[in-house]
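Peer 1: Sequence:
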Amino acid sequence: MAKKSSDGTSLVIVESPTKAKTIKGFLPDGFVVEASVGHIRDLPTSAKEIPAAMKDQKWTRLGIDIENDFAPLYIVPQSKKEQVRKLKALVKDAKEIYLATDEDREGESISWHLVEVLKPTVPLKRLVFHEITKEAIQNALANPRELDTGLVEAQETRRLLDRLFGYQVSQILWRKIAPKLSAGRVQSVAVRLVVERERARQAFVRSTYWDLTGTFASKAGTPTPFDATLVTVDGQRVASGRDFDADNGKLKAKSDALWLDEEAAAKLRSELDGVDWVVESLERKPTTDRPGPPFTTSTLQQEANRKLRLSARDTMRAAQRLYENGFITYMRTDSTTLSSQAIENTRREIEKLYGADYLTPTPRQFKTKVKNAQEAHEAIRPAGDFKTPEQVASQMGRDEARVYELIWKRTMACQMADAKGHRVTLKVKGGRAVLQTSGKTIEFPGFLRAYVEGADDPTAELADKETVLPSVKEGEALDCVELGAKDHTTQPPARFTEASLVKELEAKGVGRPSTYASIIDTIIFREYVIKSSNALVPTFTAFAVVGLLENYFGALVDTTFTASMEDDLDRISNGELEALPYLKHFYFGGGDDPGLAKLLEQDIDARTSCTLPLGEDAKGVQINVRVGKYGPYLERGEDRASIPEGTAPDEVTLEHAVELLERGSGPTELGNHPETGQPVYLKSGRFGPYVQLGDPDEETGDKPKMKSLLPGMELDSVGLDDALKLLSLPRTVGVHPTMGEDILADYGRYGPYLRCGKETRSLKEPQEIFDIDVSGAVEVLAQEKKGGRRQAKVLKELGVRESDGTEIKMLDGRYGPYVADGTYNASLPKGTDPEGLTLADAIELLAKKAEAKPKRKKTASKKKTVKKKTAKKTAKKAARKTAKKASKKTAKKTAE
1 MAKKSSDGTS LVIVESPTKA KTIKGFLPDG FVVEASVGHI RDLPTSAKEI
51 PAAMKDQKWT RLGIDIENDF APLYIVPQSK KEQVRKLKAL VKDAKEIYLA
101 TDEDREGESI SWHLVEVLKP TVPLKRLVFH EITKEAIQNA LANPRELDTG
151 LVEAQETRRL LDRLFGYQVS QILWRKIAPK LSAGRVQSVA VRLVVERERA
201 RQAFVRSTYW DLTGTFASKA GTPTPFDATL VTVDGQRVAS GRDFDADNGK
251 LKAKSDALWL DEEAAAKLRS ELDGVDWVVE SLERKPTTDR PGPPFTTSTL
301 QQEANRKLRL SARDTMRAAQ RLYENGFITY MRTDSTTLSS QAIENTRREI
351 EKLYGADYLT PTPRQFKTKV KNAQEAHEAI RPAGDFKTPE QVASQMGRDE
401 ARVYELIWKR TMACQMADAK GHRVTLKVKG GRAVLQTSGK TIEFPGFLRA
451 YVEGADDPTA ELADKETVLP SVKEGEALDC VELGAKDHTT QPPARFTEAS
501 LVKELEAKGV GRPSTYASII DTIIFREYVI KSSNALVPTF TAFAVVGLLE
551 NYFGALVDTT FTASMEDDLD RISNGELEAL PYLKHFYFGG GDDPGLAKLL
601 EQDIDARTSC TLPLGEDAKG VQINVRVGKY GPYLERGEDR ASIPEGTAPD
651 EVTLEHAVEL LERGSGPTEL GNHPETGQPV YLKSGRFGPY VQLGDPDEET
701 GDKPKMKSLL PGMELDSVGL DDALKLLSLP RTVGVHPTMG EDILADYGRY
751 GPYLRCGKET RSLKEPQEIF DIDVSGAVEV LAQEKKGGRR QAKVLKELGV
801 RESDGTEIKM LDGRYGPYVA DGTYNASLPK GTDPEGLTLA DAIELLAKKA
851 EAKPKRKKTA SKKKTVKKKT AKKTAKKAAR KTAKKASKKT AKKTAE
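Here UniProt numbering is used: position 431 in the sequence shown is 431, and no number is missing along the way.
If you're looking for bench data, these hints aren't it; they were derived computationally from the structure.
Small disclaimer: the values here were computed from a predicted structure and weren't measured.
Incorrect hints may have been included.
To be verified - Label-pair restraints from in silico Cβ distances:
1) T45 x A618: 51 to 61 Å
2) D227 x T388: 48 to 58 Å
3) T760 x R85: 42 to 52 Å
4) R731 x T647: 29 to 39 Å
5) W259 x P493: 17 to 27 Å
6) E655 x N68: 53 to 63 Å
7) E675 x E698: 16 to 26 Å
8) E675 x T647: 34 to 44 Å
9) P493 x A618: 27 to 37 Å
Ideal Cβ positions, reconstructed from N, Cα and C, are used throughout, including at glycine.
Make the full structure from the sequences, and use the hints.
Peer 2: Printed below as a string of structure tokens:
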């Protein structure tokens with residue numbers, strides 16, 4: 001029975017240990033603060049998590065009893081059981097419980113699950129606050145509320161929808177395309193957007209157009225050269241990139257622009273040689289630039305990606321730590337509003353740092369323009385007394401300091417005066433041509449003193465910088481210093497970056513900004529996209545997956561449908577829509593909507609989705625890209641050719657495909673091995689070009705010897721001698737004078753190396769494999785071994801796990817960075833920045849590793865079966881060989 005006496009403790013439960021530590025500092029004696037460490041319950045993620053008593057029920061693997069009003073099966077995973085026991089013990093000693101999880105769907109749901117599992121009998125209160133400061137915590141304690149069941153229902157509905165769609169559609173992808181793929185309600189829409197952009201790039205037809213650029217200087221006074229570009233000829237506007245149709249590369253039907261080709265541009269250039277040039281017009285207009293609103297989750301992710309090159313995940317991780325340490329307000333918000341107190345603090349700081357002239361006459365307030373926006377929170381801003389970036393940098397890590405500075409500057413800027421200046425447009429006339437240039441001067445920087453917003457287009461950002469033109473007058477004569485014709489090529493639409501994808505998802509109302517980081521993380525981890533510089537490049541697997549989903553689940557990956565679902569979830573949270581009827585309609589359908597259940601019953605032909613037509617070659621034979629279980633390849637009739645890893649889809653043009661097929665449709669026979677007489681082939685495979693000795697043995701199935709070409713070796717220049725050198729590897733350098741064993745030189749997955757017994761050492765250059773002698777090899781082998789599992793370098797001491805006091809480290813292993821606790825090692829997911837990994841992240845990775853199903857050992861009976869099968873196989877082979885020899889002898893006797 002729980003204590004209800006006044007001498008009990010007041011228990012406050014939050015999500016994270018860091019948040020617990022910060023809040024504890026603002027509470028009086030008698031309060032105990034503990035973390036749930038995220039969700040303590042969820043749907044099962046594997047069969048072993050299903051309770052033994054329920055394993056015989058088919059629906060439990062899905063975790064949702066569809067036939068029983070979609071009742072969820074919630075379990076406490078093994079990694080959370082110890083924390084739950086700890087919380088239950090604290091509940092027994094508590095006189096009251098405060099649930100202080102975040103005030104959003106997820107936070108409300110965590111609190112509800114805590115109540116369901118802990119079953120407290122003492123008074124229960126819900127604390128909500130947007131910043132972790134003393135004033136905010138005390139205000140929350142004075143104004144607790146009840147659990148918001150609407151938010152809980154909305155979160156549960158979202159979780160069930162995601163499981164129904166993701167779990168069941170993912171299984172279709174595994175069977176039809178490749179294992180380890182996944183589908184998701186928002187994730188698949190994000191992949192589709194990236195693929196659609198790549199399709200646009202593939203369909204794009206480039207156009208080339210020409211213009212003239214000139215350098216001019218004033219004849220009067222000190223000449224200050226300036227550049228100008230051709231804009232009209234005989235009063236007709238000259239064509240630029242926006243005048244061309246992206247589908248056919250021609251001028252748009254409605255365009256009245258003059259399209260100059262190389263010949264016309266050269267002719268005009270010659271015609272203008274020696275003409276008089278004058279300033280035709282000089283237009284000066286005042287400009288006013290206004291600051292953007294303070295950050296929301298989405299705009300913070302976008303700007304941190306542009307300015308700091310941080311991924312959405314790294315940005316949110318840094319913001320989470322800033323929030324939990326009391327430096328910023330809650331970082332999951334769609335709102336751009338600021339409290340009156342925050343505005344007062346901001347304006348006070350501006351006046352102190354920049355002066356009263358830099359303040360707006362009246363406080364600025366911003367209205368959110370985002371679809372499905374939730375206005376419950378403030379915008380992201382510095383918390384409490386607005387610490388300076390320097391103060392935060394002395395207490396937090398590099399990423400946190402940089403993100404805080406961004407937030408601080410943006411908050412300051414939103415209450416600062418407009419930037420004032422002038423834009424000058426200068427037109428220069430000579431003969432029948434007019435050239436133009438423009439400049440911008442900033443006369444009062446206003447908010448630009450604190451913050452200049454970034455842009456997705458670096459060229460546009462550069463163009464916005466201040467450009468000062470020389471002081472000239474209309475009608476003034478100019479010297480033409482230089483005049484030349486210049487060509488331009490239209491460019492396909494830019495690939496999405498993390499910033500522009502987040503912007504697109506938000507603009508279309510798809511998902512919630514708080515989920516964008518995990519969505520981008522997932523599509524990178526599943527290898528639907530790869531990051532090239534800052535661009536997101538879809539893989540051919542993504543094309544196949546999107547094709548299948550469009551063909552068979554089109555409505556479910558439509559942006560409009562996904563956005564309307566977010567509206568429906570909001571209506572559930574507001575009590576305007578009931579969750580159960582909504583789930584039933586989603587799954588079973590109604591009216592023109594077939595529902596997910598019927599869509600899952602379709603007879604799905606994946607071949608169409610996995611075939612991407614490129615066109616016909618010169619002989620009229622169709623060429624396709626095919627996506628197989630082992631990667632993409634080209635198909636032309638019976639010909640096949642692998643597509644080299646890392647090739648972007650828009651790079652596989654018809655011409656490139658023909659080249660790869662000609663190179664890879666069949667092996668090139670270089671000659672025969674001088675000793676064995678076997679043919680030596682030059683081939684190209686999925687992992688690049690290689691040489692091969694002989695053919696596979698049809699009887700035994702043994703593969704021939706193969707060796708990849710060394711770095712720097714070109715496919716077209718490899719001859720028989722080169723191939724024989726490669727096939728001679730490993731090369732015996734000689735016998736080690738003290739170890740008494742052969743020293744071998746070879747080239748492997750990780751480059752050139754030496755091996756002597758169990759000792760291996762890397763070589764610096766591939767050519768050393770053939771050149772190094774015994775003395776050189778002995779010297780290399782004597783060096784201290786670099787890398788290796790037993791000598792993994794410690795990259796970072798992450799901290800101590802509170803539950804058992806174990807020290808957790810991040811190490812640099814043979815296959816990249818990983819975290820370790822002495823019992824388990826867990827690799828970092830693809831795309832994870834090691835610098836941003838926290839102790840909490842490491843604990844989660846190690847917990848998942850601990851929960852992973854161990855490989856079953858073969859039982860004695862299975863081993864016997866395997867041995868029997870092997871024995872039978874060997875016997876059959878021996879019998880075939882004996883029969884073959886006997887038939888040869890018989891044939892010989894007959895011939896004699």
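Peer 1: Each hint: holds or not?
Peer 2: These are the hints, each one checked on the structure:
1. T45 x A618: 51 to 61 Å: 53 Å, holds
2. D227 x T388: 48 to 58 Å: 42 Å, violated
3. T760 x R85: 42 to 52 Å: 47 Å, holds
4. R731 x T647: 29 to 39 Å: 33 Å, holds
5. W259 x P493: 17 to 27 Å: Given a distance of about 21 Å, which is inside 17 to 27 Å, the answer is holds.
6. E655 x N68: 53 to 63 Å: 59 Å, holds
7. E675 x E698: 16 to 26 Å: Hint holds: Cβ distance 23 Å, inside 16 to 26 Å.
8. E675 x T647: 34 to 44 Å: With Cβ atoms ~38 Å apart, the hint holds.
9. P493 x A618: 27 to 37 Å: 30 Å, holds
Against the hints set out earlier in the document, a violation occurs for number 2 only.
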